[in-house]
Amino acid sequence: KNQVEQSPQSLIILEGKNCTLQCNYTVSPFSNLRWYKQDTGRGPVSLTIMTFSENTKSNGRYTATLDADTKQSSLHITASQLSDSASYICVVIGYNFNKFYFGSGTKLNVKP
Amino acid sequence: GAVVSQHPSRVICKSGTSVKIECRSLDFQATTMFWYRQFPKQSLMLMATSNEGSKATYEQGVEKDKFLINHASLTLSTLTVTSAHPEDSSFYICSASALTGRGSGNVLTFGAGSRLTVL
Chain A
1 KNQVEQSPQS LIILEGKNCT LQCNYTVSPF SNLRWYKQDT GRGPVSLTIM TFSENTKSNG
61 RYTATLDADT KQSSLHITAS QLSDSASYIC VVIGYNFNKF YFGSGTKLNV KP
Chain B
1 GAVVSQHPSR VICKSGTSVK IECRSLDFQA TTMFWYRQFP KQSLMLMATS NEGSKATYEQ
61 GVEKDKFLIN HASLTLSTLT VTSAHPEDSS FYICSASALT GRGSGNVLTF GAGSRLTVL
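Read top to bottom, the protein sequences are chains A and B.
First residue of the first sequence? That's 1 in our numbering, and the numbers climb one at a time after it.
First residue of the second sequence? That's 1 in our numbering, and the numbers climb one at a time after it.
To be clear, the hints were calculated from the coordinates, so they are not data collected in a lab.
No residue lacks a Cβ here, since even glycine has one placed at the ideal position from N, Cα and C.
Treat the hints with caution; some may be incorrect.
[Said to hold, decoys possible] Short, incomplete list of chain A residues facing chain B, as computed with Cβ under 7 Å: (1) Arg42; (2) Pro44; (3) Ala79; (4) Ser104; (5) Gly105.
Let the sequences and hints guide you as you build the complete structure.
Dropping the structure here:
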């Protein structure tokens, strides 16, 4: 069964610190992997999109990595800010672009 | 680009009434739209997938007669919660997908969500 597993389920860090969120998947073959940020009470917003041939992609303080061999991705947040408090969702898109597999998300809480 | 508009953002209704939520892709044609619900502090739960012009595919446990989904055009999908009850109170989110022909292959954009409260 194709699955996307995210860890940790929740995370609390102090403002200014770095953190890394994990996404392991079994979807195969796949076309691309995406990270979304969902603020409370809002819809998810795209952070990064990586195809199977890309290893890393950055968007400001967010850097996503992808290892297609081990089927693992990570999202690294540098110098966290209070506004980074949100849920982060990993989505893997199947090879034909018509199947979407969602992780259950990591809830990040950045404290002052 | 790739903007999805969802309306209304908040709705309060009486028990037993029906509520319609709209999801529009503003600057692209969405071949597929998805509907989710999300309870407080929980993750998104996919309710159904709809392709333009065909019947929606519902996830297990989702009542298709209660949650009516219409995807009549490439830019509009609607979710109607029929005979709503307090337990239907939730955050409903749509997303729209389309093939782009570019490197990443497709668009997947979410609406801002609709908060439904059934009294």
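We went through each hint and held it up to the structure:
A least Cβ separation of about 6 Å between A:Arg42 and chain B falls short of the 7 Å threshold, and the interface hint therefore holds. About 5 Å separates the beta-carbon of A:Pro44 from the nearest beta-carbon of chain B, less than 7 Å, and the hint is met. Using the Cβ-Cβ criterion of 7 Å, the hint placing A:Ala79 at the interface with chain B is not satisfied: the shortest such distance is roughly 26 Å. Proximity of A:Ser104 to chain B holds as hinted, the smallest CB-CB distance being about 4 Å (cut-off 7 Å).
Given the 7 Å rule on beta carbons, the hint for A:Gly105 holds: about 5 Å separates it from the nearest Cβ of chain B.
In the structure shown, a violation is registered for the earlier hint numbered 3 alone.
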